[in-house]
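Asks: Below, each chain spelled out in residue letters.
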Amino acid sequence: MITKRKNHLLGDVIPVIIIAAILIVLKEFKLISTSRLLILQYIGLYSIFVLGINMVNGYLGIFSLAHAGFMASGAYAAAISSKYFFKESWMFPLILLFGGLIAMLIGLIMSIPSFKAKGDYLAIITLGFSLIVQSFLQNWRFVGASKGINNVAKFTNIYWVYGCLLFAIIIVRKFINSKYGRSLKAIREDQVASELVSVDVKRAKTIAFAVSAFLIGISGALLVHLLGYTSPSAYGYTNIVDGLVMVYLGGMGSITGSIVGATLWQILIQTLKNLGTWRWVVGGGLLCVIMIFLTNGIFGNKELSDAIHAIRKYFSRSKTNKTISEETTK
Amino acid sequence: MLLQQFINFLQLGSIYALAAISFSMVYGIAGLVNFAHGSVFTIAMYLLFYASTLLFKITSATWGVFVLSLMIASLGTSIVAILMERIAYKPLRNAPPISVVVSSVGVGMLLEYLALNLAGSKAKRMPNLIPDITIDIAGTTIPLFKIMIIVIAFIAMIILSLLVRKTQLGVAMRAVSQDKTAAAFMGIDSNRVITYSFIFGAVLATIAAGLYGSAYSIFAYNVGDTINWWSFIAAVLGGIGSIEGAVLGGFILGGINVIAPMVLPVSSYKDIVAFGVLIFVLLIKPTGLLGKNAAEKV
Amino acid sequence: MNNEAIVSFKNVCMYFGGVKAIDDISFDVDEGQVFGIIGPNGAGKTTIFNVLSGIYKPTSGDIYFHNRRINNLPPNYITGNGITRTFQNIRLFENQTVLDNLKIAHYSHIHYGIMDVIFTSNRFKKEEERIEEESLAILDFMNLTAYAEQKAGALPYGAQRRIEIARALSCKPEVLLLDEPAAGMNPVEIDELNQLILKIRNQFNLTVLVVEHQMRLVMEICNEILVTNFGRKLAIGKPNDIKNNPEVLEAYLGKVKSNE
Amino acid sequence: ADEDTIYFGVNYELTGANPIIGESAIKGVDMAVNEINEAGGLVVNGKSYKFAYKALDNGFNTDESALNAQEFADDESIVASIGPNDSDMCMATQAIACGDGLPMISPWSTLVELTSCEYYFRACFTDTFQGAILANYAYNYENARTAAVLYDMSNPYNEGVATRFSEVFKELGGEVVESQTYNGKTGEEDFTSQLTKITGKNPDILLMPNFYEEIVSQATQARDMGYKGKFLGSDTWVDTSLLEWDTEGLLEGSAVVGHYHKDIASDVALKFIDNYHKIYGETGDPNDIVALNYDAVYLLKTAIENGQSFERKAIRDSLANIEVYEGVTGTMTFNNGNGDPTKSAVIMKIVDGKFQYVDSVTP
Amino acid sequence: MSDRENRQNPLLHVSDLVVSYGKIAAIKGISFDVYKGEIVAMLGANGAGKTTTLNALTSVISVKNGEIVFKGKNIKGMPTHKITIMGMIHVPEGRRIFPSLTVGENLRAAAYLYEKKDKALFENRRDYVMNLFPRLRERVTQLGGTLSGGEQQMLAIGRALITGGDIVLMDEPSMGMAPNLVMEIFETIKKIAENGQTIMLVEQNAMMAMEIAHYCYVLETGNVTYDGTPQMMKANKNIVEAYLGS
Ligand SMILES: Nc1ncnc2c1ncn2[C@@H]1O[C@H](COP(=O)(O)OP(=O)(O)OP(=O)(O)O)[C@@H](O)[C@H]1O
Ligand SMILES: Nc1ncnc2c1ncn2[C@@H]1O[C@H](COP(=O)(O)OP(=O)(O)OP(=O)(O)O)[C@@H](O)[C@H]1O
Ligand SMILES: CC(C)C[C@H](N)C(=O)O
Ligand SMILES: [Mg+2]
Ligand SMILES: [Mg+2]
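Protein chains in written order, with the working numbering: chain A, 3 to 332; chain B, 1453 to 1750; chain C, 3 to 262; chain D, 19 to 381; chain E, 5 to 250.
By construction, these hints were calculated from the structure, which means they are not laboratory data.
Here the structure is a predicted model, which means the values were calculated and not measured.
Please note that a few of the clues may not be correct.
Said to hold, decoys possible - Distance ranges between label pairs, derived from CB positions: (1) E/81 with A/192: 26 to 36 Å; (2) B/1591 with E/131: 56 to 66 Å; (3) B/1545 with E/236: 42 to 52 Å; (4) A/192 with B/1542: 27 to 37 Å; (5) A/204 with B/1545: 33 to 43 Å; (6) B/1519 with D/360: 54 to 64 Å; (7) B/1511 with D/296: 33 to 43 Å; (8) A/313 with E/236: 50 to 60 Å; (9) A/110 with D/341: 57 to 67 Å; (10) E/131 with B/1505: 54 to 64 Å; (11) E/131 with B/1610: 29 to 39 Å; (12) A/192 with E/83: 26 to 36 Å; (13) B/1545 with E/8: 38 to 48 Å; (14) B/1591 with D/288: 47 to 57 Å.
Don't be surprised by glycine CBs; every beta carbon is placed ideally from N, CA and C.
Next up, chain A with everything else stripped away, as it sits in the complex (with noise of 0.2 Å):
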């Protein structure tokens, strides 16, 4: 018979629970240089920006460039916010969600142009998107124009990167494991077929961009307050080229392919450093090397908790041997 299949949430919620409370024992003892704890947090931010990419890029298979957009947009919110209404730091939370919402609004708008435009186009729809964003904010003097903002409070730090993360986690497992999210996976195979059997496309299209908009813009709301600082310059090519690489390093449809695509990305960033202009050199070998060698990503589709779910089988077989054999024998 089939074996029910249950979520398991915790396969994916344990490690990160393990590794935030390393990352506080290491922070509170001050075992990590607050450099390292920077990379850390960086690791976690864009852990959330790629899960928010992978929403619509990965489960939903669009070939979307609107991150950069969404992520600017999440900051920019964010900054003024804070620079304005919630000056104190217990008002964080506050910020986060107002970041994040402005930016859902936005996908939602964004949604639009999917229900009719396909692959590469709907790429170019989404690129100008996010070229206009910035383009925009090159242009608000309220905002500062090119120059940016500055002087926005330094109100991030690891445990909200990480209990954002965990959070951003617990709502795309929820989500995926729903009709909703296996409507987005139905339509990545086949969009007519999906409708065939009764799928809502556009609302299921409507709700991928605005949970991805959400937690990317919630990424770019960590990101101006942990560096005090942003400007239009941040959210351009080289920003929509490093969501798509870190996407997809990590394999397309996956919780833990999006962290592991974030983590090994910033670290290569960090540790080619020292290679001077060699860094890019070697640093675009091995990217084309990894997808060689792992075409689908280092994750594919995979999840940590399929390895669990896996290990967990192989255990019960042996127990329940017996009734096994009985089965396939019939």
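Knowing the structure of chain A, use the given hints to seat chains B, C, D and E with the ligands on it.
Replies: Only chains B, C, D and E with the ligands this time, still in chain A's reference frame:
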């Protein structure tokens, strides 16, 4: 003044169009958004620079130098493109297309920074590859190189369009782009056809680089970056896989770039308008201007 | 008569440029029937399904379902409200398990919202459990349980055809459209399929529309048959009448009668 | 041995959009450090220490710039940081400079806001200063009454200079007839429309406060579009490559603001230029980036020796109180109550394919 | 041709062919021969491995074990297009039309190997195909992907006829075809064989296949369980019950 602006538009449009079809060769046939194509363009620029600088030491026959260095550079970029295809893309033939995109990002970085390391971070000035002559048209003086850019680009575009639409190889290319196995049942060697498309792409990129270098002579290791983005945009705007579409896309982008700052009161809003137009067009024609509706029947 | 019809076409036309895929077709399908559609290749049979399931909007004419005009409704709405189909070229979600294929198709009959998902409400849990059970039950009914956890794309053709039917059933249809369900089956398998279709119809109280070239199926199980040719209605009637209709023989069955 | 070495950080733009900045910067830093060590190193409390640096590439990326800054801040052996050079990169490190109390000296960031943090210093003048000089020069020297600007709106520097120029030029009584922009981040190469508009207004002078790699193209196109007037440039013009590339002499007669000039060079500067040629064997003179980075190192040295301490706070305080530092790029005094030095700028004119000294402007 | 045992040098000789998807073996060591000018039918239930066998012959999937000798040459592992060039043409399951090429271009692509050298031959063959399936002539400019199922099948067969070759592997050519056309297709196959081409035919329509075949193999879950002439097959009660029905 208007004539001059028109020529400028044609010049920019031709360069974009040529870059776009060079991008489109690989894009349309191998189905690959090749982020490394910009690096091929960069390499073409450097090869042209070194070849022509060297040749100008021997002779001062500008045309000769132009043609010869184009040939040398084309050879070089073709080799690079072939190697790139063999090493980085062929092993990924059956991988999801997006993996190949990431691989191409890697290759692009590798090539670009290799160029940086070999040629140094100092920008270079391309020697004048087209004789510095001006001609008078209706009272306006127009530099010859502008006319030449337009003429050369048009010739290249027409040849290519005929090639893809009319020849056996062109049909084979399009067949391969849709179903490699089915093409093999017809005796078509898809690897070979894809290699051809990379070579055509490289040669066209080299010509585009030659024209670009004649128009905007200073360049650094990352010239190819933005060219690549513009080409990608133009190719999609015109309709994926359509040579005429890529040309049209290129001219539209050129047009927006020339016209928008002219008509807008504040030129810094140009990008907003340009990308707005782009989105608008694609919303109205979601398969590009000349793209066929993807043939999918239930 | 008209009021009993569950599906009816009234002067429906569907043109693609110059190609008249359907040209002024009218017919009624009564509830509980197995209604066959036959005709030469390119006669417009699949297109009838396409306009009925909402993929194409007919160029002109009206389509009724339970006396309600459904011309302009989106496909997912039509499917969710009772007309579901299979495809001539199998279109399963190949990279997903058979079970997931069925669960996806439950979409319009799952009653929970985003908030239930976020808070993993009881309703969410119950609904998820319910659809899992229902899916397994359908698989069991269709004799597909063995495949439940396998990827759909790797299964044999015949199994995939049955999975498509199972998936369509997961949408809880009133009307099931089958487009060449017997293609690629040998006579013995077709006989089995005939039984299956009738069993499904009785079990789920369905009306079945079936497009087929296999006379072994059509003549055996259909209550009524529509014959199209060049997008037009050539004949409509009981299997026996159709079998002996000279026009149908000429245009479709061929001079030699099929082996029966 | 190691105790006798004093480290500072260098946060520089070696890869990314403009690698030439990083390459030039490290040349200047390297020269200064070697010289200092040859001359006996730093002398504090009667003891001499070796001077050394740790350089980290920031990839022209704000995340990485901040991370580098944080690494320097964490590293207790590091007393201060030089760089980044680009304003955008600098601004990303500002919060760390103040938050962690690490003195930072940007050699070349001219953005006004930079020194709003009390730990940030610079070795150059600001955009307001050079914008004003350019306006004055245009109005008084060239007798221009109408002016136009063309600048890269995606970069705060370019915008800063252009804005200030316009302000002052108007105050003086002139009129800015056209202000046109482009976006350097999207690789724009065609400025003909903007230039047509500018030419149409027939300004007496055209300011193009952009990076020198873009200037030849802009000037060529301006001439093609029929612009007959003079060009005006900012400190990002000053690199001899610009003159080499300008084979047609389109820039003849243009004026630029720079940080130093050979003709009025102090002994320090002459020695610097001489050394540069010896070490790097290049034909062209060292550009402003090299000179400013060189000066930044010496500023740090001066501050340490003045304060006779390696403590960061002490270095900051002593930097803020440097009374006279004789640098390659002129004499600097920190008496503005912030990290901006009071120093003079040089106006140069391109004559016969060379930067010719015109005047110095002291604030 | 019932004196098959005495014939030498089969055009295609397959022995001990093993093909597996992952761990599961789909073909478990089958052997068969096809002689020049023959029509060999391969019968079998859904999932028996017929398509897998054909795919193995033309290297669409890789072979784990065994030998495939075509025209005296071992073609195991040879790239598909080279096998085509050697003269083995495959009409695949699922038709695999080039969806965005027009009908005319689909046909032209099929003449890739010789169109440049012999344009007249291409035109001859194209006319032949278009006479066989007039619908294709009507629709030369329609995109392949928008054809109806049966029309696509016509195009797939038409392409193979244009490519030519010594042996044609047909994977269920009658699938989705209207009854009147089914007969026409079988007649065409017969005619092709008479003209010297060899046919390997995978069919579910066992009745019709046996009418024209010279020799049959029956495949059951990856093994050849019977082989013989159609007469022998029809005499076998088991086979009749399993594949022909009552
Ligand atoms: N999207 C489309 N664009 C152009 N022509 C089309 C399109 N869809 C169908 N047609 C044409 O309409 C006609 C009817 O097609 P349809 O698929 O309905 O045929 P069918 O009766 O199902 O045939 P078959 O038995 O071969 O499956 C065909 O000639 C086909 O080529
Ligand atoms: N891509 C695949 N991955 C895994 N197993 C496969 C794959 N393709 C086919 N199989 C398996 O191999 C076996 C043989 O399949 P094959 O398609 O060759 O059968 P067939 O005889 O052609 O059947 P049909 O009449 O349905 O076309 C089947 O059991 C099938 O499940
Ligand atoms: C162009 C830049 C690298 C330098 C400039 N002075 C700035 O403030 O940013
Ligand atoms: Mg059909
Ligand atoms: Mg098969």
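Asks: Run every hint past the structure and note whether it holds.
Replies: Now for the hints, and whether the structure bears them out:
Checked against the hint of 26 to 36 Å, the C-beta distance between residue 81 of chain E and residue 192 of chain A comes to roughly 33 Å, which is consistent with it. Here the CB-CB span from residue 1591 of chain B to residue 131 of chain E is close to 60 Å, well matched to the stated 56 to 66 Å. Distance hint check for residue 1545 of chain B and residue 236 of chain E: the Cβ-Cβ separation is about 45 Å, which falls inside the suggested range of 42 to 52 Å. Judged by the Cβ atoms, the range 27 to 37 Å given for residue 192 of chain A and residue 1542 of chain B holds: they are separated by roughly 28 Å.
In this structure the hint that residue 204 of chain A and residue 1545 of chain B lie 33 to 43 Å apart at CB holds, the actual value being about 35 Å. Checked against the hint of 54 to 64 Å, the C-beta distance between residue 1519 of chain B and residue 360 of chain D comes to roughly 58 Å, which is consistent with it. The hinted range of 33 to 43 Å is satisfied by residue 1511 of chain B and residue 296 of chain D, whose Cβ atoms lie roughly 36 Å apart. Restraint check, residue 313 of chain A to residue 236 of chain E: a C-beta distance of roughly 54 Å satisfies the suggested window 50 to 60 Å.
The given range of 57 to 67 Å is respected by residue 110 of chain A and residue 341 of chain D, whose C-beta atoms sit roughly 60 Å from each other. Distance hint for residue 131 of chain E and residue 1505 of chain B: a CB-CB separation of about 59 Å, consistent with the stated range 54 to 64 Å. Between residue 131 of chain E and residue 1610 of chain B the Cβ separation comes to about 32 Å, which falls inside the hinted range of 29 to 39 Å. At about 30 Å, the CB distance of residue 192 of chain A to residue 83 of chain E agrees with the hint of 26 to 36 Å.
Between residue 1545 of chain B and residue 8 of chain E the CB atoms are about 41 Å apart, so this pair conforms to the stated range of 38 to 48 Å. For the hinted restraint 47 to 57 Å between residue 1591 of chain B and residue 288 of chain D, the CB-CB distance of approximately 53 Å keeps it satisfied.
Of the numbered hints listed earlier, not one is contradicted by the structure.
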